[in-house]
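S.K.: One-letter residues, chain by chain:
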Amino acid sequence: MAQQIGLQLPEEELLRLRPGVNRSRKQVSELRELLAQTDEPAGIFVAAKATVR
Amino acid sequence: MAVDDLCYLTIAEAAAGLRRRDFSAMELTDACLDRIDAIDGKLHSFITLTADIARHQARQAKQELASGTDRGPLHGIPVALKDLYMTRGIRTTCHSAVLENWIPEYSATTVTKLREAGAIVLGKLGMHEFAFGGPSTDAPFPAVRNPWNTEHIPGGSSSGSGAALAAGLCYGALGSDTGGSIRTPSSHCGIVGIKPTYGRVSRYGVIPLSWSLDHAGPMARSVEDCAILLQVIAGYDAKDLASANMAVPNFHTGLNDGIKGLRVGVPRSGWFDENLGIDPATERVFNDALDVLKSLGATISEIDGKAFSLARKANQTILVCEAYAYHEKTYQETPMKFGTSVRRRMLEGAFLSAADYITAQRARAVLNEQIRANFSCVDVFAVPGAPRPPEAFATMDPNEQNLRPNFTNPFNLTGLPAISVPSGFTAGNLPTGLQIVAPPFEESTCFRIAYAYEQATEWHKKRPAL
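In the order they appear, the protein sequences are chains A and B. Using numbering that gives the first Met the number 0, read the first sequence as starting at 0 and increasing by one per residue. Using numbering that gives the first Met the number 0, read the second sequence as starting at 0 and increasing by one per residue.
With the rest of the complex left out, here is chain A (with noise of 0.2 Å):
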């Protein structure tokens, strides 16, 4: 994958980054299950907004 995205990464270099990207990858899941439980539609982000559903 590395490769794909344009990376020349040593094979050293991909293993250090394993747990930082597979922590990503779980952060992004836990998010994706927080939202299979809401009714969010497709939201913008607006920080002078403050609505309450």
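Hints were generated in silico from the structure; no laboratory data involved. Hints are all accurate, no fakes.
Here are the computed lysine-lysine pairs in the BS3-like style, where the Cα-Cα straight-line distance is at most 30 Å:
hint, chain 1, residue 1, chain 2, residue 2
1, B, 238, B, 328
2, B, 328, A, 25
3, B, 41, B, 460
4, B, 305, A, 25
Once you've looked at the hints, dock chain B against the given chain A.
M.R.: Using the frame of chain A, we list chain B on its own:
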């Protein structure tokens, strides 16, 4: 007045002294420069010292004040800038080999505002490389050390700002905060720092880390000083597309109004015990701070912390993706110019997909509503400034921060204003901070509560032995 005492004046005290002619802007500037010369060799808080420029600016301030031209409370006050604020004609490095000798052609809006207010710029401060990762051991500049114990980290990424203020090397500083980079060093160095509402302070001319999470803000030795600094740098700026066109109130008004009847929410359950949980000594100090707020007339209630805990995951996902997007071209051309710490964190973003990023932004909208909904039953949130005391360099584990609750980055995700004020010390005489978080654009509320707490305690008066 002893030189040490002169260097540890607050901005408000120094401003009053300048107008009484107890001392001049030249004397304040020379006192800072002499102290930097004497002790910064063991702290490394400054990357670039602009002594000649500072002395020129001080001479100008002295003449203006003497002739009756008064630009306000920052006139003649020496300050310093995290080295990601662009300064025309002065090197701006981001603590990185990538920009080691880069000299910008224009200044950040905030820097221009500080200069128009008569502040004197002493120089550029060390930081985590590109405001990311951790203390840099392989950058062209040494890692900043904590004035309370130089074997310990000062927290980051505005590490030089925190250390220089705690050490009495400047009277105010600018930091930036994408996941806690103003509040963490404020907490770890025993000073005050506020991350204003997203959009309150222009980021034009501030090197980005993550566009949708980056905030610029002030750091100082007192709450009042932070209010003085924010007053000058806040306001709409068409050059920053995220800038909020909102009126800027007088942040000084209401500082003394007290907190009787204030409703404070503590999102402890489902957050403070996440993974390794909060350090027990840090939680004890935090609970003591809540008792002080209660004694001042506030009511404390517990609220659900689950959304705050999830917010970290969305914040980190967005941050690594946006950081990699910003640095991608430079990384692919000159990867080894990035230090190990920032390179590894940034590359996490390269391995996430567009769908992952969008998922995090969708989660952000949901969590933003869930967290802000608490303001229907409490006025503010109170949380510790950091989950544990600053680590020692020798035993620092970069992965541990992911195993502790992160008390700062939910408020980058939600854009809410959050201030950290000194709240005591843990074993080893290492400082802690109390964080107060208010609804959007209510920085005045943060200041009022932090000021009431500060005036009821003595923590902000302590100085490190240097």
